[in-house]
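Novice: Knowing the structure of chain A, use the given hints to seat chains B, C and D on it.
There are 4 protein chains.
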Amino acid sequence: MLVVMHSHATAEQVRAVCERIESLGLKSHPIPGAARTAIGITGNDGAVDLAILESLPGVAECIPVSKPYKLVSRDVKEEDSVIRIPTPLGDVLVGGKHLALVAGPCAVESEAQCMAVAEQLKPTGVRLFRGGAYKPRTSPYSFQGLGEAGLKILAKIRDEFGFGIITEAIDHESLDLVEKYGDVIQIGARNMQNFSLLKRAGRAKKPVLLKRGMSATLDEFLMAAEYILSEGNYNVMLCERGVRTFSDFSRNTLDLAVVPAVKKRSHLPIFVDPSHGTGKRHKVLPLSRAAVAVGADGLLVEVHHQPEKALSDGIQSILPEEFAALCIEIRQIAAVVHREVN
Amino acid sequence: MLVVMHSHATAEQVRAVCERIESLGLKSHPIPGAARTAIGITGNDGAVDLAILESLPGVAECIPVSKPYKLVSRDVKEEDSVIRIPTPLGDVLVGGKHLALVAGPCAVESEAQCMAVAEQLKPTGVRLFRGGAYKPRTSPYSFQGLGEAGLKILAKIRDEFGFGIITEAIDHESLDLVEKYGDVIQIGARNMQNFSLLKRAGRAKKPVLLKRGMSATLDEFLMAAEYILSEGNYNVMLCERGVRTFSDFSRNTLDLAVVPAVKKRSHLPIFVDPSHGTGKRHKVLPLSRAAVAVGADGLLVEVHHQPEKALSDGIQSILPEEFAALCIEIRQIAAVVHREVN
Amino acid sequence: MLVVMHSHATAEQVRAVCERIESLGLKSHPIPGAARTAIGITGNDGAVDLAILESLPGVAECIPVSKPYKLVSRDVKEEDSVIRIPTPLGDVLVGGKHLALVAGPCAVESEAQCMAVAEQLKPTGVRLFRGGAYKPRTSPYSFQGLGEAGLKILAKIRDEFGFGIITEAIDHESLDLVEKYGDVIQIGARNMQNFSLLKRAGRAKKPVLLKRGMSATLDEFLMAAEYILSEGNYNVMLCERGVRTFSDFSRNTLDLAVVPAVKKRSHLPIFVDPSHGTGKRHKVLPLSRAAVAVGADGLLVEVHHQPEKALSDGIQSILPEEFAALCIEIRQIAAVVHREVN
Amino acid sequence: MLVVMHSHATAEQVRAVCERIESLGLKSHPIPGAARTAIGITGNDGAVDLAILESLPGVAECIPVSKPYKLVSRDVKEEDSVIRIPTPLGDVLVGGKHLALVAGPCAVESEAQCMAVAEQLKPTGVRLFRGGAYKPRTSPYSFQGLGEAGLKILAKIRDEFGFGIITEAIDHESLDLVEKYGDVIQIGARNMQNFSLLKRAGRAKKPVLLKRGMSATLDEFLMAAEYILSEGNYNVMLCERGVRTFSDFSRNTLDLAVVPAVKKRSHLPIFVDPSHGTGKRHKVLPLSRAAVAVGADGLLVEVHHQPEKALSDGIQSILPEEFAALCIEIRQIAAVVHREVN
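Residue numbers (our numbering), protein chains in the order written: chain A, 1 to 342; chain B, 1 to 342; chain C, 1 to 342; chain D, 1 to 342.
Hints may be right or wrong, so weigh each one.
Note that identical chains are pooled: a pair holds if it fits in a single copy or bridges any two copies.
Capping the alpha-carbon separation at 25 Å, the derived lysine to aspartate or glutamate pairs in DMTMM-like fashion look like this [stated by the list, open to error]: (1) Lys97 x Glu329; (2) Lys206 x Glu173; (3) Lys263 x Glu340; (4) Lys156 x Asp91; (5) Lys206 x Glu148; (6) Lys280 x Asp248; (7) Lys199 x Glu173; (8) Lys263 x Glu322; (9) Lys199 x Asp313; (10) Lys67 x Glu79; (11) Lys280 x Glu220; (12) Lys309 x Glu79; (13) Lys205 x Asp80; (14) Lys156 x Glu119; (15) Lys264 x Glu160; (16) Lys309 x Glu111; (17) Lys199 x Glu179; (18) Lys263 x Glu321; (19) Lys263 x Glu308; (20) Lys205 x Glu22.
Because the hints were derived from the structure by calculation, they are not lab data.
With the rest of the complex left out, here is chain A:
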């Protein structure tokens, strides 16, 4: 259910409607739009008498939402959500006309490694740095990440270079720490339906980057985001990172058509990760260009100064100088599709 307020409704009226909703045992989600505020209702709203809400001051109309996802839907918010990520170098905007770039190594391996990569990324103008301190690895015997020590290194990178930090959380404990040290909380593909973790992310105060699961349908992807929004965190960015198919020449099959598909259904921005999406260095550059051309709101690219020595995923990391060249091409393609890189 969705309550649409009049364009001239006051903040007080919005608050009053929310209170009425909560008094019915439901949750209210006020979502300010360009023209007017909508209030999403979640909880078992089957029994709610519409008349109660429609008669409140400032209410324009009540609309039943039939889609399984509500808060992430364009029905609730027509215009694109623009997520603001504060960094020492200024806010980075994601969504709408704003295209964001994120670069960095797959895993935080050492302070020296992160410093070296950050040093070489600095001149490209990128302002968001990625790197995993907690690595979900197929084998229990593979490098599992540096944990909190890794997060401290990332915090140092922010202090030193001004980059905002995007890093993955894999359970409640690590999410607490990522929320403390990082700027964006990443939920990885393997945890896309770890609903307990999604709910915790929904109570976090920082934006969340949610990666699509390896075999997630579009509805499942949007519903996973809905878990986060339904707990009150509306700063969610999606990320396509390739799905699993029979096709065996690349690590995953990058499903770029999901970008216009998401934009048709949801107001949330969507990134593309061409590094995991292809798993091979020589495909990262062309697929990065394609991702921008298809309308992605951001790119998440693995960059390593010594890919051949990387502790994980070196085979899909590009060099800082390749990333620098890519940035130039991306700005050109972004202009064609009326987007601005920031």
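Specialist: Chains B, C and D alone, transformed into the frame defined by chain A:
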């Protein structure tokens, strides 16, 4: 790496070898076999000098294990693992020649519902009861299970009927409770690569039923089990529940060939869940028969006394009387493939 | 559209209705059933005035068929179709309670090879022999089959041993020859949507075995069969041979749930080919057992007396003695599911 | 096997080497390159004595080719193949730096329809026109195309507007006619492994556009092309049109990563068909942009002046004015990736 002991090696010698391994900063996993004990070594064993271990009393030989999974491998344990599940009605055995049946509703909805189902299952001879108290649901607005109250109902079912209880844990908190109230801890398909949860299950004192992820390869499936064994819990049972493919006439594509494939590589028993594997009642019976014929060590079947009123997955639940008839056919097919239903 | 005749309608009345249908520019397909005859109508029947047909003598009712497939549908024929394959050893029946076994090498390599295999198959009681004279191979440089010379060898096998012959046609030219030399015309998975070939098979006088394409949905599979029936050949048998998925431990993923799914929608019998379906010898036996348990109407098994020397697919061929042992188990499982091997 | 000639080798020397190869019972495929000519050898070359060929005048070296595909491989021809399609408006080039656009309706429905579409396409500068006279349809009861009458309409379009014509052949008979009336012979996805048809296309005198099968691996795709080249027709263009996966929001999953993957392995140009690849109008434009950005050598776009009245695939056809706007954007993106639209 694997240390194979002489058949006449003493328990003391085994212990001494384990202590030597631990003193090298590695983990030791003594695995008693029919003829002799093998000791799996995990941790970074690349640098270990074989000679140190080979010279210890009772050691027959040291074998490098090249597969990515070690403890779950047939290299480490040649004969089938037989898992023992204690129930008030006596131990249920899974693996080797023993075939186990598990039945019950998808979700614990109420005490009355569980009692009604259990009542009708009792005469079939089944001794393991399933039912979810924590339900991982695609939508945040769907019924999420009764939580601890549901576990208490299940415990009551055990007290009343003598059934062993298999129920799902979805995070650390629920795993603590499932370990307390249940007899087998189920890890669901969506959490197959929730490595933090797998490690916790590896420290549990009760057997674990690990379901295959929706798009998990065989190696990933075995490696997920390896996470549990590597933490010290060797009582792991696998479960095929269908994978996600283009094929759209059933909810999932039940990949029965995984049963002989697992048996070739691993000593662990494997269940089949034809209810989730097909998602349609009229396919559950034929696929149950097929699962036994293909060599599964157990069946996990959703049974509900009023499927049309079920809060989740009613469409794939069969009736108690259908299950009773199935039990008879299963015993006949089991005999053809030299298995005994218990 | 479907015209259902009264149970006491005469052959003359059926003929008169068919003529009326044809006079409207449509095709009529009289399909005799146990209780009464139905007449399928194909062609653009949108504009047909039902009243014209309903008023004809002997007509019980006219039913619009909304499914995309008509003649293969259970709506048109409620009871199972039983296909009769004449062989020198007597008719082999497929469908209903009759389960048929087919065995033989992947490819016809030489007369000596076929004779050796046939010799060893004889004592198992199998009466249908398979072997490809035209091999659709991924590479243009692989062995493409012996062509007509191969068909002549197969004809000799029939003369010598009394087996009925099932062999593949890959284009119009080879179909002419297979129709001449063989007893059942096989259309392979790669040609499941070679509609030109399907239409030709629909004009053939011999039964057709149609294999499911590697990524065919159930509707596409049934529609491919519909192409054959719509040309007048109602003796069609389907065959599941595995579909292509991400799952990499077997050559294909054998989708056994398609058997009950087909039976729900169609009256046509369905075989299972566990050899192509798994691609590995050690999986052929368990999956053969499972196929019978799930309700298949036939098995198509590759048997070679010297698999290690086979020119194609030796890795998935079983030995004649393994097939003999399998036959015994299959008869036992068939009895459980109320089927008779013939 | 591959014979590489000296850069200064004469045409006569090349001919002499070819004759020597043929005299050994093999096929020779001289492939002129920018710097020098290579001669591919196909047939059972296992037994060939290299010394025989290496000693011939003009031969630089003999190289065994281990890949399953030979003539399509970059090992045989290092530089990109540029295919020349003659049209009344001048040659259209495909490959290398040349990007080609093809537009037109899914099916030829009538002369009026084709004329209307062509009329509106003319101003966009596109020089290749597509339209199916033979339509492979899932249902035998769907519109199957106008056949030869449709080809005559297409020939008229060429006469009237100067467009080159690309149209599909579905069997030997239609291929004869397409070769007569059209400029490029299209082999559709469903026939990608109709090897009999591929061999026939290999003996045609016109270029071939080969679409990837719905579940074809990259190797299978290249091997299908190899079938055509091995018969002597080297003018082959590949086309990605989406593969079949679990992903259900689009008709197919457009696998754009196949473009850089093909370019790494083969010298053949590759088109992208975003219309079949997505199956939804609102995805065609963004995916067209992405296809050019990823490095495709051509686009095949369905354009219809009245999509809502189309006899097939109207839902994925864009309007002529949308195509015109797309052409402008494509030229801009092409410039970024150093390609020229022609």
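Novice: Just pull the numbers of the violated hints for me, sorted ascending.
Specialist: 12, 15
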